[in-house]
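So you can see what is in the structure, the chains are spelled out below.
Number of protein chains: 2
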Amino acid sequence: MISGTLLVFALLCGVEAGRVLVLPGEYSHWHNMRSIVDALVDKNHSVTVLVSSSSPTVQHTRTERFNFNVFKANVKKEEADAVWSDFIHLWMTDAASTYEKVSMIMQVMSNFMALAADTCKSMFHNEDLLHTLRESHYDVLLSDPMMPCADLMAETLEIPHVLSLRSSFAYNFEHFCGQIPTPPSYVPAVAVQGHLTDHMCFTERVENMLLYIMYTTIFQLNMRFTFDRLYTEIRGKPTTMCETMGKADIWLIRTYWDFEYPRPILPNFKFVGGLHCKPAKPLSKELEKFVQSSGDHGIVVFSLGSMINNLTIERSNIIASALGQIPQKVVWRYSGKTPESLAPNTKIFDWIPQNDLLGHPKTKAFITHGGTNGLYEAIYHGVPMVGLPLFADQPDNLMHMKTKGAAVVLDINTMKSKDLEEALKTVLNNPSYKESIMRLSRIHHDQPMKPLDQAVYWIEFVMRNKGAKHLRVQAHDLSWYQYHCLDVAAFLLAIVALITFLFIKTCSFFFRKCFRKTRPAGKAQKNKKE
Amino acid sequence: MISGTLLVFALLCGVEAGRVLVLPGEYSHWHNMRSIVDALVDKNHSVTVLVSSSSPTVQHTRTERFNFNVFKANVKKEEADAVWSDFIHLWMTDAASTYEKVSMIMQVMSNFMALAADTCKSMFHNEDLLHTLRESHYDVLLSDPMMPCADLMAETLEIPHVLSLRSSFAYNFEHFCGQIPTPPSYVPAVAVQGHLTDHMCFTERVENMLLYIMYTTIFQLNMRFTFDRLYTEIRGKPTTMCETMGKADIWLIRTYWDFEYPRPILPNFKFVGGLHCKPAKPLSKELEKFVQSSGDHGIVVFSLGSMINNLTIERSNIIASALGQIPQKVVWRYSGKTPESLAPNTKIFDWIPQNDLLGHPKTKAFITHGGTNGLYEAIYHGVPMVGLPLFADQPDNLMHMKTKGAAVVLDINTMKSKDLEEALKTVLNNPSYKESIMRLSRIHHDQPMKPLDQAVYWIEFVMRNKGAKHLRVQAHDLSWYQYHCLDVAAFLLAIVALITFLFIKTCSFFFRKCFRKTRPAGKAQKNKKE
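Protein sequences, first through last, are from chains A and B.
Numbering of the first sequence is given in the numbering used here, commencing with residue 1 and proceeding in unit increments.
Numbering of the second sequence is given in the numbering used here, commencing with residue 1 and proceeding in unit increments.
No wet-lab data here; the hints were simulated from the structure.
Only a predicted model underlies this, so the values are computations on that prediction, with no experimental measurement involved.
It is possible that part of the hints are untrue.
[Stated by the list, open to error] Simulated crosslink set (BS3-like; lysine-lysine; CA at most 27 angstroms straight-line):
1) B:K466 - A:K404
2) B:K347 - A:K450
3) B:K247 - A:K404
4) B:K347 - B:K278
5) B:K450 - A:K466
6) B:K434 - A:K469
7) A:K450 - B:K450
Next comes chain A alone, as it looks inside the complex (with noise of 0.2 angstroms):
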């Protein structure tokens, strides 16, 4: 007999469909977050696209499968593209001196902020945006944090909220927005230059901390002068980004155990590292033949990923030479100049199928930026990698890959053909590079749900169940003092001091009676002797 609790559970957890809402960030971020919308339109969802009229690389076609709402902001595109085209030169930039990269970086974070700013304003001062987006009634937000104001755009419009990410440096988001403990003992801030893992020494505990209190000092100044002050601006009351990205019922993080270290994480913390990965699909018949004419040696797969399309030509032809010493064919995706001192193993393309040529047999290896998608792809199809990482997050994703064993790592900005060449022959030919990232994709692959199902699981739990509560620690309603418990701590030392002080007092109390009855009878005596 099934009873009629369990009935009524099969009707209500059924798969209704939602409305969702989607913020998405840009580049590699709305690569991932479409694998999501797609998979939630698979699942008759209807899902809106929110993007602003500047962004740089969230298109806007008639031909999807879900909607688009553009609003208009009041940055021009070309502006907006300019912005993203310095963060990119900022880190290319090897030439400059320290003071002249530092007033680089201020500017541009001053360009980033000034972008954010415009784009919030644009959408919360848009009314006729923001009654268009009560009035479609939708169900949950999905967003990125690249994306700014999405989780003010949620409180906005009361609905559940489900946040993407990948993490940010010493977990900052995650553990003050999120309450996430990150204990520096073992858990890195970030894994700089390859000695920083989850097994620390005394000196990388130090290193470590001190990565903390320089990472934690930038977070805190940046939210309270720049993001604070823009969310009380549109709120027209005091709030913190923290706050209310806080409020997010879960939190999709875009690794997993095969790729971080094990930390503390939080029930409402779901790890969906490689939500976009899918078998290889077949080659075209052009790159089939090539990737065929490999032979036993195989080939390599080089990208340096969707933001980069030049290199200096002194860079280029460094990388060429060393592609034309070894022996396998190279399958190279760049659109900048071809350099002179490319070999015959070596054939540039426009765009490559990434995720089918890793996939393939015959791909022994990937040169590539290190990307959080790029790398997953590495893992979820075994492939060992050399890591050329150039911004944001890329150091850090290779050096874990590095610390695992599954990549050698160099610098594109100082690396020398010779480097590279010795590079790509060990991550060849020494098979622990190999075997290593197996034991990465056998984790990967392990797991109880798919990562991509996974996602879509929170999402629609929260759409079913108007939120997740219950899965939120109550840590968000504490403030850092009561958190430590530094005032139950400073109660029960001052009622401990308390106790002593009055034992201390009664002791001398009854001491300074004896003494008193005692002292004028040796006194006595004393003088008795005199």
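Since chain A is already given, all that's left is putting chain B on it; use the hints.
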């Protein structure tokens, strides 16, 4: 095209029959673990239950689908039964003075320790047993911490270890042995008197901190002076229980967020509360007839679990007369003397199919002692509760249900008939109790994977992968002061102090230099004036 890598995974991840060694707990712990054992047998794994000849409840029959390996203990079964019987008696005695109670507790604890020591030594001093176990080449050891030295057995046999536990007061086992963070500011040590939840005011946080201090002190003293000595004696070198237990690959926690307040967790902690629950089966004809005779009023199910067979005549009469005051029919599991005040609406049974009754559409309420198993059956089927907690984790379990609005809790030793009657009427007539338990039931059923499937998944995972080291935090390798970064803080403070000292010294040096230059002039002026 499916890549070769994926094909390898398909083969690797296929369910191969493994060899599982089980060291179970007693009473309800064994009942719970049997569900896992049955599920493992269903998946063609070969399961051996290792049990002491003095075990009070783990029955070694020849008709099971799994094997028993019974080792000879020095303590007789009757003696072990007596220890457990004293344990129950301890909680049910309300006549004893505080002094008598404390001395009884000490006696029972001492008897338990002697029993544990005998079980451990009987296992580890039995060379034939150890030889047989070694030769059996088990793939994993599944244990309950109620069975002493199980972790030591996993270490001795050099096989992965999966622990199954409900959780300890102040999460001592999980915190000290498993390295889970437990901030006392929002993680209640234990729900006492219904006022400690995850949302605490200042005085409650003080109380919680004191409870943490108390439970931690008892735990540490108990470990140091009993189990650590026993482990050291058996291993022949300094060994602590926590260190050995901390090597477990997976911790299966027998709760979930339907029951627990959200709190930090670790990647190798899997929450499988209610894994033994299943849809209700049809009742026997006799029972179904009695249930149907209740008409629209429905029935109340009443059980104090498998450990309590007798109540005092006074208590049983108080209960029976309260049951007679409600219009529902009552199914009471009780094997003591039939109370004189038993009303016609109440029927006493030696044994009841509790899960099938709780899942019956006519069941309106559940009177329970609050064991985790029964409580999860009530959550599974959505039945509100009246709690009569007896011992161990039962008061805490029921306080969780009370604070979540799904139960009324009474003290069985002091309650009057009227109290029970009123509690029953409240739970039956106030719809908020049904709504609350239905909310918890929805949370329970709306999980990505069923609890039993998850438990089996992770046991099979450690068999497939020879452990789950990628989920185990490095905190295990740190001392307490390293974990809390006290050494790093001391070092950094020393540097700050040194810099401050040098700065002050330098300043005072220059100050003195200036002062010396000007003072004579000042003096000279002063002298002139004089």
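Hints, one by one, checked against the model:
Our distance criterion of 27 angstroms between C-alpha atoms is met by B:K466 and A:K404, whose separation comes to about 18 angstroms. A C-alpha spacing of about 50 angstroms is found between B:K347 and A:K450, which places the hinted pair above 27 angstroms, so the restraint is violated. Between B:K247 and A:K404 the alpha-carbon distance is near 21 angstroms, which keeps this suggested pair within the 27 angstroms criterion. A C-alpha spacing of about 25 angstroms is found between B:K347 and B:K278, which places the hinted pair at or below 27 angstroms, so the restraint holds.
Note on B:K450 and A:K466: the hinted pairing holds, with a Cα-Cα distance of about 22 angstroms set against a maximum of 27 angstroms. Pair hint B:K434 plus A:K469 holds up; C-alpha atoms about 19 angstroms apart against a cutoff of 27 angstroms. Proximity of A:K450 to B:K450 is assessed by CA-CA distance (about 15 angstroms); at most 27 angstroms being required, the pair is judged to hold.
Checked against the numbered hints listed earlier, the structure breaks hint 2 alone; every other hint is satisfied.
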